[in-house]
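A.B. asks: Here is what each chain is made of, one letter per residue.
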Amino acid sequence: MKIGVILGLCLGAVFAGFPVVWMLSTSLKPNGEVFQVPPRLITDNFSFDAYWKILTDPTQLRFFLNSYIVALWVTALTLLVGILAGYSFSRYEFRLKRFINVAIVSVQAVPPITLVIPYFGLVVALGLYNTYGGLIVTHMVFTLPYAIIMTTAYFNTLPRELDESVKVDGGSGWTALWRILVPISVPGLIAVGIYTFMISWNEYLFALTLTRTDDMRTVPIGIQLLMGQHSYEWNQMMAMSILGSIPVLILFLLFQRRFIGGLTSGAVKS
Amino acid sequence: MGPAHIDRTVLPEAAVLEEAPPSPARKRPFALRSLAPYGYISPTMLLIFVLLVIPIAMVVSYSFQDNVIVEKNPVFAGLANYTKVLTDPVFWTAIKNTFLFITLSTIAHLVLGLAFAMMLNTGLLGGLTKAIFRVVYILPWLFTIAVVAVIWRLMLDPFGVVNYILTTLGILGTEVNWLADPSTALWALTFINIWSGYPFFMISLLAGLQGISSDLYEAAAVDGANPIQQFFNITIPQLKPVLISMAVLDLIWTSQQFALIWLTTGGGPLNVTEMLSTYTYKQAFSSYEFATASASAVIVLLMTMILAFFYVRQLRER
Amino acid sequence: MTRGSTGGQSRLKRLLGVVTAAMLAVAAVGCGTGSGEGSAGSSEQGGPVTLEFAQWWAPELPDGAFQELMTQFESQNPNIKVKLLSGPYASTKQQLVSGAASKTLPDVVGLDGAWVNDFAKQGAITDLSALMAEAKYDESQLASQIKVDEKTYMIPVVNFVYPLFVNKDLSSKAGVKAVPTNRSEFLDAAKKISALGGNVKGWALPLDTAVPNGIQNDVMSWLWASGGSMLTPDGKPNLTSPPVKSTVEYVKSLNDADVIAPGSLTMKEQDKVEKFTAGQVGMMIDSLAHITLIKKNSPKLDFTVAPIPAEDSYTGKRGLPYASWGIGIADSSEHKAEAFKLVEFLMSQQANAQLSTLANGFPGNNTAEPDFSKSDPLFKTAFDIYKKGYPANEFVGLPKSEELMRTFDEQLQLALTGKQSVDDALNKTQQSWASVI
Chain A
1 MKIGVILGLC
11 LGAVFAGFPV
21 VWMLSTSLKP
31 NGEVFQVPPR
41 LITDNFSFDA
51 YWKILTDPTQ
61 LRFFLNSYIV
71 ALWVTALTLL
81 VGILAGYSFS
91 RYEFRLKRFI
101 NVAIVSVQAV
111 PPITLVIPYF
121 GLVVALGLYN
131 TYGGLIVTHM
141 VFTLPYAIIM
151 TTAYFNTLPR
161 ELDESVKVDG
171 GSGWTALWRI
181 LVPISVPGLI
191 AVGIYTFMIS
201 WNEYLFALTL
211 TRTDDMRTVP
221 IGIQLLMGQH
231 SYEWNQMMAM
241 SILGSIPVLI
251 LFLLFQRRFI
261 GGLTSGAVKS
Chain B
1001 MGPAHIDRTV
1011 LPEAAVLEEA
1021 PPSPARKRPF
1031 ALRSLAPYGY
1041 ISPTMLLIFV
1051 LLVIPIAMVV
1061 SYSFQDNVIV
1071 EKNPVFAGLA
1081 NYTKVLTDPV
1091 FWTAIKNTFL
1101 FITLSTIAHL
1111 VLGLAFAMML
1121 NTGLLGGLTK
1131 AIFRVVYILP
1141 WLFTIAVVAV
1151 IWRLMLDPFG
1161 VVNYILTTLG
1171 ILGTEVNWLA
1181 DPSTALWALT
1191 FINIWSGYPF
1201 FMISLLAGLQ
1211 GISSDLYEAA
1221 AVDGANPIQQ
1231 FFNITIPQLK
1241 PVLISMAVLD
1251 LIWTSQQFAL
1261 IWLTTGGGPL
1271 NVTEMLSTYT
1281 YKQAFSSYEF
1291 ATASASAVIV
1301 LLMTMILAFF
1311 YVRQLRER
Chain C
2001 MTRGSTGGQS
2011 RLKRLLGVVT
2021 AAMLAVAAVG
2031 CGTGSGEGSA
2041 GSSEQGGPVT
2051 LEFAQWWAPE
2061 LPDGAFQELM
2071 TQFESQNPNI
2081 KVKLLSGPYA
2091 STKQQLVSGA
2101 ASKTLPDVVG
2111 LDGAWVNDFA
2121 KQGAITDLSA
2131 LMAEAKYDES
2141 QLASQIKVDE
2151 KTYMIPVVNF
2161 VYPLFVNKDL
2171 SSKAGVKAVP
2181 TNRSEFLDAA
2191 KKISALGGNV
2201 KGWALPLDTA
2211 VPNGIQNDVM
2221 SWLWASGGSM
2231 LTPDGKPNLT
2241 SPPVKSTVEY
2251 VKSLNDADVI
2261 APGSLTMKEQ
2271 DKVEKFTAGQ
2281 VGMMIDSLAH
2291 ITLIKKNSPK
2301 LDFTVAPIPA
2311 EDSYTGKRGL
2321 PYASWGIGIA
2331 DSSEHKAEAF
2341 KLVEFLMSQQ
2351 ANAQLSTLAN
2361 GFPGNNTAEP
2371 DFSKSDPLFK
2381 TAFDIYKKGY
2391 PANEFVGLPK
2401 SEELMRTFDE
2411 QLQLALTGKQ
2421 SVDDALNKTQ
2431 QSWASVI
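Here the protein sequences line up with chains A, B and C, keeping their order. Residues 1 to 270 (the working numbering) are what the first sequence spells out, left to right. Residues 1001 to 1318 (the working numbering) are what the second sequence spells out, left to right. Residues 2001 to 2437 (the working numbering) are what the third sequence spells out, left to right.
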């Protein structure tokens, strides 16, 4: 059985990792060798030029900074708003609940491409064009539905007795939420946070439409800027992708123990 | 006392908005009590109303007009755009392809996600091994979709590395034109989508698996159940709510997939990979028919609302 | 046992605290809005006017070269500043359409000829004829102007012609004695090169439907090289005419002879160039601008450029397809006069020659002579071909040209894969085009 599992894991790793290995390999090749036949993992003219070029270019570095700022803010605000909304759905019964429920799930279905133009006009009218704020609220709109669904679900698994215990001591619903419910749900909230960060980090269409100048643009735009009219800068594109994935990977590494490991240690039997 | 008795079966159970079991009578004044939930949900409502509902309303209004955006004086056109869309054979091809694409992708995402999650959850391996594999398995999720499209196009080139490996190993006789051959393009595209999307499910199911109490498995083992029976009688039922909600969400999200298709096949060859998203895009930015594109978007929205409605109703009855 | 040891809780709190602090610090560094407001350009009382210029050209030129040109302009016009905005080429059109709809277009925009008709109808770009008249501009120096309803909306700044590229190494290896000059010779050469085997083919035909430029560059070019036209004299589609039919049948014969590189139905222009550079394709019709690129990526590749082969019996002037970097002014711009000064500058003899040399294209000012002394001798060859023939691109100025190309592409694909006859393909496309043009 154990051998079977290890074999399965290794096959899965090849499936998951091979394209990434190829990305790495392409980032180390000069552009002329990318289409070489037969394809080779490491070619004769192997070099880290692409990485140097990106790390020493202030415009590209600014793209990374912008992506971080936007993604971190989106994550924090989405979690905040999502927690409040989740509390509302989990602990209260109110008239519009079912309607809002359906609405939240189904508005995700509108093709973003059709929303671009009306949305653009709205953002300009609100004065948020070419600002961090514009991108942040836009990304929040995409990530909130899922965040709310998840926070509601996590809160639902926590019995009302917990709220009661706070109220008996004279606290309010608000206190119950922040003192008890949230700390216990942290592992689940981290999962939602990571998901939100990823979505914001990788978003392209609205990031492009709602920004105008290089000092506001994000990494996905930076990558597409390397796809020129005449040819692609393959090695730089791949290098930028890999550099861009490292911080997310680190975030994941930092937090993964928490939300996977922490779950079982939280189980309590009376 | 205090919060000492928590049985944390943290499954995103009823992963849409079911209420927790009702509590004993409150002592709050009625008026305040009925306003509190609205207060908590107000930031959400504000954000979604201003930034989503208004644009959607504009899209709906576009769909009833003609010559929107491209001419300064749009004309009310009633249901003309809807008729145009619904009688367009390419629209129906797009629906068929989208249906195949999202169904296959979702099923594969769940199967792969569950398989990997179970393998990563097994007690047979050490923590470090599992951590390493976890990191490897999450890699596809880290990259922006343009890069995923571009690298897979490179690898699936007729003279690219995938064909090279397969022909060298003898699995293939001659190079296959994965993305340019009408008979393989849709499946190749689905494969790429499966690759780039499964980590999300793997993580959620992994979290879900962690929440299944091991007592259940122990009890079943004592009763003589083998691993397969345990899987079908414990694991699946416990995960059912997660599975269902992830499935619905994935169906919706995958139907939005645009960049992947556009950058690999553009909806071709011969329309075999034409999806609702590429169809809408072409209507909007090639034909400059924003009204038709809006009509197509509204049709998709309606279909999804029906799906969402039945899904929510099914949850309440559980 | 309570949930999580207190040690675990405080460690987590610290971690979250660090992340939050980092986030706020980072936000403090780059907080607030980006430079440049939503409105196009700005000026104070008597202060300098800032023009915003959106284009995809700067990344295609040597680093900093385009900015230098702008600095030259600024020194000649002390009251005007130019802010360059770049965007990913593939999203340019879509961004311009969206920008026009929200009235946030920059003052000056780089355009492709295929978009002009639609943008003019949308009211996105302004009538340049009026501006030229106001500024008393001498129009005779312009090699061409793109007009809709007799009014100019775009001026081509640099033209990139698409001659035939031939890989001399592969040709000589395949026994092809001379560069093909007519269709039969081309078919013959392609067959010989494909016979080399391995992954080598004679020709590449990019028929990607997402960006269907292949129809313009790689299919219609055969028609135009023989002096043919896809439109009637009064601009209506004429796709069922004998010249068009013979062109499509010729392309089909190339396909049937198996001389086209695999993957044609979803191949993009960039793929075609990559394959030629890698020595997998013997001949291709491609933009002159790629010469430098090919030399950079594959310095040892021996290749040349030639006119596109014409029909065997044809002896007249040969049309050469081209694409341009065009320029237009946004209708919503508040500084149209200053914007036109920038257009004038880019079209002036000296600046235009400089830009064309940098871009490896041909000048839009017909008195400007690009400086070929420092560039590849192939450019001189191409320039001679250009002078001997005439620039031909009937898609420029047509409404919804991308859609026209795409419809043709889809029908052509059906014909090439044997699912319908060439006649049916042409008839269906003709009907579709008739509803647009």
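Think of the hints as simulated: they come from the structure by calculation, not from any bench. Small disclaimer: the values here were computed from a predicted structure and weren't measured. Hints are not guaranteed to be accurate.
Stretch-level coverage of chain A by chain B, calculated; a stretch enters the list once three of its residues show a Cβ under 8 angstroms from a Cβ in chain B [claimed, not checked]:
id: 1; segment: 10-20
id: 2; segment: 49-62
id: 3; segment: 143-155
id: 4; segment: 195-204
Beta carbons: idealized from backbone N, C-alpha and C, even for Gly.
A.B. asks: Which hints, by number, does the structure contradict?
C.D. replies: 2
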